[in-house]
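Trainee: Listed here are the chains, written in short residue letters.
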Amino acid sequence: MSETAVVIGVLALQGDVREHLAAVRAAGAEAVPVKTREELAQVDGLIIPGGESTTVGKLLDRFGLMEPVRAFPAEDKPIFGTCTGMILLAKEIEGSVQPRIGVMDVTVRRNAFGRQVDSFEQDLPVEGIPDPPVRAVFIRAPYIVSADPRVEVLATVHGHPVLVREGHLLAAAFHPELTDDTRVHLLFIEMVREAKRGRTAE
Amino acid sequence: MAERSTWRNKVGLAEMLRGGVIMDVTNAEQAKIAEEAGAVAVMALERVPADIRAQGGVARMSDPEMIKAIMATVTIPVMAKARIGHFAEAQILEALGVDFVDESEVLTPADDRYHIDKHAFKVPFVCGCRDLGEALRRIGEGAAMIRTKGEAGSGNIVEAVRHMRTVMSDMRRIQAMREDELMMVAKELGAPYDLVQYVHEHGKLPVPNFSAGGVAIPADAALMMQLGAEAVFVGSGIFKSADPARRAKAMVDATTYFDRPEMLAEISTGLGEPMRGLEMNTIPEDQRLASRGW
Chain A
1 MSETAVVIGV LALQGDVREH LAAVRAAGAE AVPVKTREEL AQVDGLIIPG
51 GESTTVGKLL DRFGLMEPVR AFPAEDKPIF GTCTGMILLA KEIEGSVQPR
101 IGVMDVTVRR NAFGRQVDSF EQDLPVEGIP DPPVRAVFIR APYIVSADPR
151 VEVLATVHGH PVLVREGHLL AAAFHPELTD DTRVHLLFIE MVREAKRGRT
201 AE
Chain B
1 MAERSTWRNK VGLAEMLRGG VIMDVTNAEQ AKIAEEAGAV AVMALERVPA
51 DIRAQGGVAR MSDPEMIKAI MATVTIPVMA KARIGHFAEA QILEALGVDF
101 VDESEVLTPA DDRYHIDKHA FKVPFVCGCR DLGEALRRIG EGAAMIRTKG
151 EAGSGNIVEA VRHMRTVMSD MRRIQAMRED ELMMVAKELG APYDLVQYVH
201 EHGKLPVPNF SAGGVAIPAD AALMMQLGAE AVFVGSGIFK SADPARRAKA
251 MVDATTYFDR PEMLAEISTG LGEPMRGLEM NTIPEDQRLA SRGW
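Heads up: the protein sequence lines correspond to chains A and B, in order. Heads up: the first sequence runs through residues 1 to 202, numbered per our numbering. Heads up: the second sequence runs through residues 1 to 294, numbered per our numbering.
It should be emphasised that the hints constitute simulated quantities derived from the structure, not laboratory data. There are no misleading hints in this set.
Calculated lysine-lysine pairs in the DSS-like style (CA-CA distance at most 27 Å, straight line):
id	chain 1	residue 1	chain 2	residue 2
1	B	122	B	68
2	B	204	B	122
3	B	187	B	204
4	B	32	A	91
5	A	35	B	204
6	A	91	A	196
Based on the sequences and whatever the hints tell you, model everything.
Mentor: See below:
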């Protein structure tokens, strides 16, 4: 069977959009930046890149993108959030009322590892990705403090979940787009392909 | 196993700020307004450049108390300025836990020959430039982000445009060159050879390239983004205007939709008076901040 062709959107309101576009293309799928509702309607899956979560949340709200993004999982269109994207996907953000997509059954802690001077990178074993481990870059990163049992934990740092999956949602506290390793993106692209096959089979 | 404050961590934070607006703030209340408007970071300083220019005197690092108050108020990254060459100020800012240090020509230089060895720090640095040679020298010293100098506190975009165009056209020129011409260019620019090679190969700086100095209205932000800036610093432009909260929000929106004129028209409507601004020929040569730095 030939591979299902999918178009992955990268939310281009603010953040490291270019790196995600490059990572998706390197992993063998089509990638386009998304700034408007019209552009959003054209894609099979969406990546929310690294950036500032308060900024991106406000822009989603102001430009009428929050509701259509929120509807994505129910339309069998997966979402992958990295860092800021993980924060925005979470239903609960500790101590914050900032605007969010809020579709994943997790509670997230912002700047959980400390301020910028505490940012780090390390080798990270990931469930479902064979050795070598993923080189994970954490920048003012969040982690998940609690999750619904339905949420699959794919990787942890000091026992804190930093890569999780729930249905059509994938969230990473680190930045796979900042390295040349495309395996985490491939994981997401497979989710999008599978979801699309499910959609077209109906 | 875990490595802290790697080069990738430093440049990575700069990458995360792309497409955003970094706003000068002088107290916690302004920082809150900036965050509410959607700023990606704030620059904590005691006086905005327009006031430094008006009041004169030696401009130094800000009082740690003020920086701490701002850090306690917002969740977005907090930057602060150190004088050119004043590595002790930078050490203090790092100890405070600021997220980025701006080795800035807006403050009075502490060293008329050397800049700070920025590789020696865990905290990332941003530095200003007027041309490509200056940008690559700063990156060679360890800057993880470059911004145009523009003319801070002028409300006049002309210098930032000149600096951005100079950097971008020098990079296009180098990209088109033969390998055997690069050493002479490195000599002419006064730039590290390996960084000239990087530009030749990639057609861009190895760190994000932001714009600063003179951005006053949303169209200024859009102009700089279209000229190749990857994000925008706004100094005096917001809190020297009639309606800072509204203008701050408009700057954020314009930086995102810099390539959509219909949206920019909407975003630019009804913002009240912008800061007044200065004609360049009314600023004496010896009072131009952009000429500081070596």
